[in-house]
Amino acid sequence: MPNAKLMQGNEACTLGALAAGLDFYAGYPITPSTEIAELCAEELPKIGGKFIQMEDEIGSIAAIIGASLTGRKTMTATSGPGFSLMQENIGYAGITEVPIVIINVQRVGPSTGQPTSLAQGDVMQARWGTHGDHPVVVLAPGNVKECFELTVKAFNIAEDLRVPVIVLTDEVIGHMREKVVLPEPGSLKISKRKAPTNPAGYKPYEADLDGGVPLMAAFGQGYRYHVTGLFHDETGFPSNKSDVTDRMLRRLMRKVEKAEPQMRDYFEESAHDCEILVVAFGSSAMSSLSAVRQARAQGIKAGLFRPKTIWPFPEETLRAYAAKAKRVIVPEMNLGQIALEVERVIRNGAPVERLGKVNGELFKPEEILSVIMGGKQ
Amino acid sequence: MSDSLSYFRQNRLPHIWCPGCGHGTVTGSLVRAIARLGLDKNKVIVVSGIGCSSRAPGYLDFDTLHTAHGRALAFATGIKLSRPDLKVIVMTGDGDCTAIGGNHFIHAARRNIDITTIVMNNNIYGMTSGQYSPMTPKGMLGTTAPYGTVERSFDLANLAIAAGATYVARGTAYHAPLLIDVMEKALLNKGFSVVEAITQCPTYMGRKNKLGTAVEMLNWFKERAVNVKAAAAMSPDKLEGKFTIGELYNKSEPEFTAEYSALVEQVRRKFDTFQGGVRECAQNSD
Ligand SMILES: Cc1ncc(C[n+]2csc(CCOP(=O)(O)OP(=O)(O)O)c2C)c(N)n1
Chain F
1 MPNAKLMQGN EACTLGALAA GLDFYAGYPI TPSTEIAELC AEELPKIGGK FIQMEDEIGS
61 IAAIIGASLT GRKTMTATSG PGFSLMQENI GYAGITEVPI VIINVQRVGP STGQPTSLAQ
121 GDVMQARWGT HGDHPVVVLA PGNVKECFEL TVKAFNIAED LRVPVIVLTD EVIGHMREKV
181 VLPEPGSLKI SKRKAPTNPA GYKPYEADLD GGVPLMAAFG QGYRYHVTGL FHDETGFPSN
241 KSDVTDRMLR RLMRKVEKAE PQMRDYFEES AHDCEILVVA FGSSAMSSLS AVRQARAQGI
301 KAGLFRPKTI WPFPEETLRA YAAKAKRVIV PEMNLGQIAL EVERVIRNGA PVERLGKVNG
361 ELFKPEEILS VIMGGKQ
Chain U
1 MSDSLSYFRQ NRLPHIWCPG CGHGTVTGSL VRAIARLGLD KNKVIVVSGI GCSSRAPGYL
61 DFDTLHTAHG RALAFATGIK LSRPDLKVIV MTGDGDCTAI GGNHFIHAAR RNIDITTIVM
121 NNNIYGMTSG QYSPMTPKGM LGTTAPYGTV ERSFDLANLA IAAGATYVAR GTAYHAPLLI
181 DVMEKALLNK GFSVVEAITQ CPTYMGRKNK LGTAVEMLNW FKERAVNVKA AAAMSPDKLE
241 GKFTIGELYN KSEPEFTAEY SALVEQVRRK FDTFQGGVRE CAQNSD
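Protein chains in written order, with my numbering: chain F, 1 to 377; chain U, 1 to 286.
The hints are simulated quantities; they were obtained by calculation from the structure and are not laboratory data.
The model shown is predicted, which means the values in this text are computed figures rather than measured ones.
Some hints could be false.
As the list claims (entries may be wrong) - Cβ pair distances, simulated, as ranges:
1) F:Arg177 with U:Arg268: 53 to 59 Å
2) U:Lys251 with F:Pro115: 38 to 44 Å
3) F:Arg177 with U:Ile16: 54 to 60 Å
4) U:Ser252 with F:Glu257: 53 to 59 Å
5) F:Glu206 with U:Thr143: 39 to 45 Å
6) U:Leu263 with F:Glu315: 47 to 53 Å
7) U:Thr144 with F:Glu257: 38 to 44 Å
8) U:His15 with F:Glu206: 20 to 26 Å
9) F:Glu206 with U:Phe8: 42 to 48 Å
10) U:Arg268 with F:Lys301: 53 to 59 Å
Claimed, not checked - Below, in silico cross-link-like pairs of lysine to aspartate or glutamate (EDC-like), each with a Cα-Cα straight-line distance of 20 Å or less:
11) F:Lys192 with F:Asp160
12) F:Lys46 with U:Asp272
13) U:Lys270 with F:Glu38
From the three backbone atoms N, C-alpha and C, an ideal C-beta is built for every residue, glycine too.
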C-alpha cells in the first residue's frame, strides 16, 4: 500500500526536507511560507532535531549556516521581504561553502506588496540577489509532488557541492493541495557532504581548481579550522593576493557549472516536434500545460518546456527544443525575468514573446491559449 | 604563560592591529581565562562579526568563525543550539554588537543562551577609520561626527541586564587581571554572559579626540574606573565622571538550549513511534 497523502506544497517541501535528513530549522514567520516553519517546529523535536524561531530572517540564515557547520542538514523558509533580508548571508554561505537550503515561497513584490497573492518575481533575485559573483543553485517545483522531490534534490546538491540551494516555489504551489505518493523511506538517494578522516594536515579549502569541492569537517570534532567570508586560500585564512582571489572565485563558479549536466532537470510535453514552444516554470507552467494540450487538440503543434532547475538554466536542452520552433512564448508571473534567459539562450532562433502577468492571479489557460492561437497578448 | 600561548595559532601572528591598540590585551585576557579553566581546545568555538575586534578569532587555535557584520550572535546561536556541549564564545566590537547587531544581542540575552560575549568597546568604528558608534559618548568626535556626536550612547551593561543576560561584567584594557577574572566567571556561567571590555583605539578614537597615546588612554581608564564594590560606598558627586568596573550582574536562570533539549526529550518520549525522515547525524542528536 503506497504511502499516499493529500497535502499542500509547503507541507511537501517540509516532508521532502525531513526525508533528506533535515535536522535543524531556523526561520521567521512570513506568508505564504509559514506552514513550513510550523510543521518543522512540530516534527523536528520528534526526531531529536532542532527548531528555532529567530528574531528576523538575517538571524535565521545565520543560524542555519552556523548549525550546518556543526554537521547538520539545515534549512530556512521565507518569502519576498525575508528573502531580501537573507541576501548578504547567501553570499556568505557561497564563499564559505556551507551547505544550506532556502525555500522561497514567492509572493507579490516589491516591498510588502501583496502577501497572499501569487507572483514569480524573485527569479533574478534568487540568482543575483547577493553582491558579487557567487555560486547558487535554484530549483522550481511545478506541482506539489515536485515540492517533495526537489527539496530532497536541493539538500543533495547542497551537500554534494557545498552551495546554498534555493527552492523557488510560489503562493499557489505552496498552498495548493494534491495527492502525493511518498516514496518508501530508504528508496531515496540521500547525499552527505564528504568529510575528512584525519585532522592532521587538513586544509579546509583545498580542492581541484577545476570546480572541485573541498572536504568539510564539522566544528567541534578536533579540526580547529577557520571559516571567513573574506577571500581565503586553501588553509581557510584570509588572503588578499590577487591570484588567490581569482582562483577561488573561478573554482566556486565552476563547481556549479561543471555539475550542471547532472543537476539538469526539466519537464517537456510535445516539445519534440513543436512549432510553438511555451517555456514556463512553477505555477505558470500548470496553466501553460493545459493551454498546450488544448492547442494540440485543435491540431496546433504546440509544446511545453518547463525547467525545474532554473539556475543554472538548462540552456542546451532549451536550445534543442527551440531549434525547430517558429515562435517561443514565455508566460510568467512577472514582467520578464526568465524570458531574459530564454532570449539569451535562443538569441538567433525564433522570436521570444513575453507574456507577463502581475495582478496576483494565476494565468487562466485560455489567456495562454489565445496567444498560442495568435490572438493579441 | 606558555599555557595560554598554546591556545594561539602562533603561525598566524603578527596580528593586524595598530600599535597601541587594546584589542590584543582583551584577546590575551580571554585566552588566559580559557587557560585557567583548562578548556578543551576541540570543544571551544569562537565566533565573530566584522571589525578590527572581530579579527581576533583568526589568531586563536579553536574552530573559529568570522561571519558578517553584526551577525556573530545569530551564527553562534545556530552552533550552540545544534551542539549544546560546545563552549561558544563571541568576540565582537561596540559597533558590531550594539549597532548592526543590536537586535541579535538583545534576543540572545532574552533567550539566555549559553554564549559568552566579549564586547571589545573602543567607542568607535575602528575598521572603517573612526566613525562614531552607538557607544561613542555624547559630544565626542568621529569622522562622521566632525562637530561631536549629539546622539546619546548605550549603557551596554544595563541593556544586557534588562534584556535578560545572566552574567554581566565590565573591565578595561588597563585592568587586565580583572578582565581575566570576570571572563573566567562569564565562561562558567550557564547562560548568556556579557563582558564589556573597554579598549583604547589610539589611532582613531585617540587621535580624533586628542586623547593622547595608548598609555595616556590607559591612564584615563585607570583614573576613571571605579570597582562596583567601592562605588557602592561612594556618593553620587564622588562618582561624577567615573564608570564602574567589575561584576555587575550574576544570576542563575534557565538556559535556552538546555530547556530546548529537555523539551525534545519530552516530545520524543511521547512520539517514540515516529517513523520520520532519514537520520544520519547521530553524533548531533542531543
Ligand atoms: C553590512 C556591513 N555594513 C558595513 C560594513 C563596514 N564595516 C566594517 S567593520 C565596521 C565597524 C566596526 O566597528 P566595531 O564593531 O566597533 O569594531 P572595531 O573595528 O572598532 O573593533 C563597519 C561599519 C560591513 N562590513 N558590512
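A quick look at each hint next to the structure:
1. F:Arg177 with U:Arg268: 53 to 59 Å: 30 Å, violated
2. U:Lys251 with F:Pro115: 38 to 44 Å: 41 Å, holds
3. F:Arg177 with U:Ile16: 54 to 60 Å: 56 Å, holds
4. U:Ser252 with F:Glu257: 53 to 59 Å: 54 Å, holds
5. F:Glu206 with U:Thr143: 39 to 45 Å: Roughly 41 Å apart at Cβ, these two residues keep to the hinted range, so it holds.
6. U:Leu263 with F:Glu315: 47 to 53 Å: Hint holds: Cβ distance 48 Å, inside 47 to 53 Å.
7. U:Thr144 with F:Glu257: 38 to 44 Å: 42 Å, holds
8. U:His15 with F:Glu206: 20 to 26 Å: The hint (20 to 26 Å, Cβ to Cβ) holds, given that U:His15 and F:Glu206 are roughly 25 Å apart.
9. F:Glu206 with U:Phe8: 42 to 48 Å: With a Cβ separation near 23 Å, F:Glu206 and U:Phe8 fall outside 42 to 48 Å, so the hint is violated.
10. U:Arg268 with F:Lys301: 53 to 59 Å: 58 Å, holds
11. F:Lys192 with F:Asp160: 7 Å, holds
12. F:Lys46 with U:Asp272: This hinted pair holds, its Cα atoms lying about 8 Å apart.
13. U:Lys270 with F:Glu38: 19 Å, holds
Checked against the numbered hints given earlier, this structure breaks hints 1, 9; the rest are met.
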